[in-house]
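Each chain, written out:
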Amino acid sequence: MHVAVTHGCRREVNSAPLQSRSRTVQRGTAGCALLLLALAGCQRSAAAASTDPTGEWPMVGKDYQNRRFSELDQIATANVSKLKVAWTFSTGIPKGHEGAPLIVGDMMYLVTPFPNRAYAFDLRNPGGPPKWSYEPQPSAAAQGVACCDVVNRGPAFWQGKLYFNTLDGQTVAVDTATGKEAWRTRLAEINQGESMTMAPLVVKGKVLVGNSGGEFGVRGWLAALNAASGKLLWRAYSTGSDADCLIGPDFHPFYAHDRGRDLGIHTWPPDHWRQGGGTVWGFVSYDPTLDLIYYGTANPGVWNPEMRPGDNKWTAGIFARRPEDGRAVWFYQWSAHDLYDHDGINENVLVDLPMGGRTRAVLGHADRNGYFYLLDRATGEVVSAKPFATVNSSHGVDGKTGRLIPAEEKKPRQGRVVRNVCPAAPGAKDWQPMAFSPQTGWFYIPHNNLCEDIEGVDASYIAGTPYIGVNVRYHAGPGGNRGAFTAWDPVAGKAVWTVSETFPAWSGALATAGGLVFYGDMEGWFKALDARTGVLLWKFQTGSGVIGQPISYRGPDGKQYVAVFSGVGGWAGSVVSGDLDTRDATASNGWGDVMKDLKGRTSKGGTLYVFALP
Amino acid sequence: MKMPVAAVALLAASALGSGCKHESRDLRPTEAVSKAGGGVVLSTLFAGGVPGAIAGTLQANQENAYAMNEGKRLFDAYNCSGCHAHGGGGIGPALMDAKWIYGSAPQNVYATIVEGRPNGMPSFRGKLPDFQVAQLVAYVRSMSGLAGGLWAPGRNDSMQVKPGENTVTMQSPVRAEGAPPP
Amino acid sequence: MIPGSGYALAPAGPQAARLAQVFWGFFAVCVVVYVVVVALLLLGVLRPGAAPLDEAGRLRLVALGGVLTAVALVALLVISIRGGHELNPMRGAKDVLTVHVIGRQWWWELRYPGTAPDQQVVTANELHIPVGRPVLLELESRDVIHSFWVPELHGKRDLVPGHDSTTYLQADRPGVFRGQCAEFCGAQHAQMGILVIAEPESDFQAWLAAERRPAPPVSGLTPDAQRGRELFLRGTCVMCHRVAGTPAGATMGPDLTHLASRRTLAAGSLPNVHEHLRRWVTDAQTVKPGSHMPPTPLGTEDQHSLLAFLEALR
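Line order of the protein sequences matches chains H, S and C. Sequential numbering from 1 applies to the first sequence in the working numbering. Sequential numbering from 1 applies to the second sequence in the working numbering. Sequential numbering from 1 applies to the third sequence in the working numbering.
Next up, chain H with everything else stripped away, as it sits in the complex (with noise of 0.2 Å):
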């Protein structure tokens, strides 16, 4: 009965006809949530039954699809740009700020990047203290195993408790109706070079969270806790045995190459899967329909690929699994022996498109290596795979293998250097999510415009150091501008409009349905646009690059807020948050000359910005 209705709203809200038809849309979908709260009223707190659940932002994805997308529209085209700030928090944090507040009820929930506070705001009180802060005091010397910045992608909450990820390898859940700790589980160890920067998600009880590290040669899990207790129930490897992967006769990958026994460990060099990446750092999305949690697994462990010959499973791809007890169901490789740290960990967001003459149920993914993906959720067949931004170092994918098909004269080798590859290592699009508004049916893409020269070097691992073996320098790709923010016609293949940005669009994207896209860009300038036409609307200072993800919400005064983290960092920002010289361009690995005058257009900062109309 559940399954079938939330088949029936997910049907009725995505296939409205792509006219603005909000009030329907948002009409259907109240009646709709209403009924799901009626039948699943234990899966929310009292607090939050009382409210429409269209105002409140309870997960970094705003749903379990990902979506990203507001059914408010007091905000619209007509009236955004009288949009001002109500009120602002500071962190105190000059590092990059890549999170998601929660909206639960009344309440706003926030996490800050290292030392991670956690903050809880009552929204009665817009502008007032926070009703409770918690320090996790994570290890300071976890500072030197975290990448890229030591941001912190958001919290989730569940049953009166909010859960997130410490740097130094800790779940915590803390009490939100207190403040205090519930449990804290370690994870991760920072002497391997794992640390946790993800959102977890909340499923069934379980609460979803994984490993980063692969630039320090770690080995990739996504593992399951118990949300009421901490322990750990179930632990996914991305590489090694069939055993450690949770791979059993459930398994049905829809390619060949990864339908064999015990293919982690027989498609890398003998031990090498010790240190094989795949690390689970991105976003979860879960269909309650197929009951499947869907992940990226990140780049393998080395960058240099010489160094590991074979696929490398199951790095640099997807994996379907069951959350009970984590199972894998299918398993698609995004790039087969991935030769220039693609990780395959962008979101996946879960909608249904019209294709083919009917609606088929599918995910829209845009990778690293340059394309976007539409998967078919139940199986993992590729649906089509189209270039999104400039793409020269592989030649589309095998329509009957499925595998990218990389350009061989674009390959890294050992003591050379390969130039003009593109997508360079933070590829056509790194960590930033989009979002996806049924108004249009289309795909809101914060990406990157960026190609690199790259040259193999030895490396060693030596654990808790980075295991890279390459040097690479990245430079702006075709027409200068280095990143963009484009609207995606997913039915179509093929991009809608663009804008250009100077810098990577780093920050998340956010659709209402008021008509409006917003997202920020790395000199500070927080924007909304048409989301028809990609006409700029409005756009604010917030003082500090934006890299965070907005968010949208209905206060406890029935008004339409949006917010968003300013503060420059994660690793494209890392020039400025990390103070580096930009003599060196390899400085974070490949971005200090190509981000050497964000020095001078932005500054560190931390601050979350809320916006509402006067």
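Treat each hint with caution, since some may be false.
[What the hints assert, rightly or not] Where chain H lies over chain C, by a calculated footprint (3+ residues, C-beta under 8 Å):
{"no.": "1", "segment": "233-246"}
{"no.": "2", "segment": "250-260"}
[As the list claims (entries may be wrong)] Taking lysine-lysine and the DSSO-like style, the derived pairs with C-alpha atoms no more than 27 Å apart in a straight line are:
{"no.": "3", "chain 1": "H", "residue 1": "Lys131", "chain 2": "H", "residue 2": "Lys559"}
{"no.": "4", "chain 1": "H", "residue 1": "Lys231", "chain 2": "H", "residue 2": "Lys204"}
{"no.": "5", "chain 1": "H", "residue 1": "Lys596", "chain 2": "S", "residue 2": "Lys99"}
{"no.": "6", "chain 1": "H", "residue 1": "Lys539", "chain 2": "H", "residue 2": "Lys604"}
{"no.": "7", "chain 1": "H", "residue 1": "Lys411", "chain 2": "H", "residue 2": "Lys400"}
{"no.": "8", "chain 1": "S", "residue 1": "Lys99", "chain 2": "H", "residue 2": "Lys599"}
{"no.": "9", "chain 1": "H", "residue 1": "Lys180", "chain 2": "H", "residue 2": "Lys231"}
{"no.": "10", "chain 1": "S", "residue 1": "Lys99", "chain 2": "H", "residue 2": "Lys604"}
{"no.": "11", "chain 1": "H", "residue 1": "Lys386", "chain 2": "H", "residue 2": "Lys400"}
Rather than coming from a laboratory, the hints here were simulated on the basis of the structure. As the structure is a computational prediction, the values presented were derived from the model and not from experiment. From the three backbone atoms N, C-alpha and C, an ideal C-beta is built for every residue, glycine too.
Since chain H is already given, all that's left is putting chains S and C on it; use the hints.
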């Protein structure tokens, strides 16, 4: 007729003599693996005078081309470049600029490598012989010009991502030696 | 005793055989020339009172000399070209074994890619090849120019950084063949040797299979060797060396996973016996001054344990 020959011979001899010191190689250093502290404390104020056998090597290395070149080789081999890039920094701070969080004197850099530092610099105590740490110290200081341009390595076989160490002009350290971190 | 004679005129494979042929051909021609020249010299010195030749006579003599010289040179040219042309009959051969040889100061890294990624073998300084099968060596250098030379099997081939080159080898009889770096590459160029061990195919496959195995687990070691393993992992060794099956994975120095199965240490500088291993580990700079192996002074007990571990790496 004999005078110019003698003069030339003298000049040649003196040139040879001064060059040898900077290329001298101590291939059988007797220092053991870097122990706790290695005789160097974290402060540059030493009650009773500067201690330790390592202090002499640290000083001598500042003008030794072989030591700096070895330091450059070890800097990549031991993954220092993984965090510090080729001086620009990344996970770790930039080493080619004028800002020194924990001090720029050879003893400070030695302590940083051997003991580690609170905000993420790992400790290499017991993992590197003292003489190699001393070579790394010389190279690290050469990246910002604090150790001699005449003896700093200049040959870069990688893709020339930064000016050679022997062309760097000296950056006066911003924080005084031994000043406590902020 | 370092095995192998390294005697180029005792060829063990078709390439060296062809080179030896060229050598003997040249030798023969040169002997003939030498004899003729000496004979003429003696004739000129010892024959008294011979009348000097007239112009025409002298011209004829010079012409004759020119023709004979040309014939000799052409003979040498033909021998040389034919020899060089058939030096590498392996091109197009089937069943070629590929080995990557990576020259470093001052040792040889060897990688056998195998037919699948999990068949890859990485070792150092001892190149095992099957008898009778052509072996393709893909040569690269990590630092300066080296040169691969195993006289009993082939001539020299340079390893130039940034420039990949290849050569073919084949051993037609089992044996241990000593090779040497043949291009000055730094302080220890003289001690950069390599052993090529040609063995029957079955032995070779057994060796490959053994090389793919990781080091024995902790439970498979004696208590002394277990202590040595701890010393290895906690000390400086892990900064440069790899032992598969342990957390040590550095590639600056040779892979030690099967150190005890090798016949020599330090690229052919020392036989692999206990006393030499002890000396190499604790005081490498007296053996090979300037090499990148630092001295590691250890107490007697520590030396004993560490060596017990290293000698268990078969």
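Given pair status - Lys400 (chain H), Lys411 (chain H), alpha carbons within 27 Å: Distance ~23 Å between Lys411 (chain H) and Lys400 (chain H) Cα, so the pair holds.
27 Å Cα cutoff - pair Lys180 (chain H), Lys231 (chain H): Roughly 18 Å between the alpha carbons, so the hint for Lys180 (chain H) and Lys231 (chain H) holds.
When I compare C-beta atoms, does the segment 233-246 of chain C have three or more residues closer than 8 Å to chain H? holds (count 6)
Do the alpha carbons of Lys386 (chain H) and Lys400 (chain H) lie within 27 Å of each other, as the hint requires? 15 Å, holds
For the pair we were handed, Lys539 (chain H) and Lys604 (chain H), check the Cα-Cα distance against 27 Å. Given that 27 Å is the threshold and the Cα spacing comes to 20 Å, the pair holds.
Tell me if the straight-line CA distance from Lys231 (chain H) to Lys204 (chain H) falls inside 27 Å. Between Lys231 (chain H) and Lys204 (chain H) the Cα gap is close to 15 Å, so the pair holds against 27 Å.
Within 8 Å of chain H (C-beta), three or more residues of the segment 250-260 of chain C: With 3 residues in contact (Cβ-Cβ under 8 Å with chain H), the coverage given for the segment 250-260 of chain C holds.
Within 27 Å, alpha carbon to alpha carbon, are Lys131 (chain H) and Lys559 (chain H)? 21 Å, holds
Would the pair Lys99 (chain S) and Lys604 (chain H) pass a check requiring their Cα atoms to be no farther apart than 27 Å? At roughly 17 Å apart (the allowed maximum being 27 Å), Lys604 (chain H) and Lys99 (chain S) satisfy the hint.
Taking only the CA atoms, is the gap from Lys596 (chain H) to Lys99 (chain S) under or equal to 27 Å? The hint holds at about 18 Å.
Measure nothing beyond the straight line between the CA atoms of Lys99 (chain S) and Lys599 (chain H); if it is 27 Å or shorter, mark the hint as holding. This hinted pair holds, its Cα atoms lying about 16 Å apart.
Violated hints are absent here; each numbered hint is respected by the structure.
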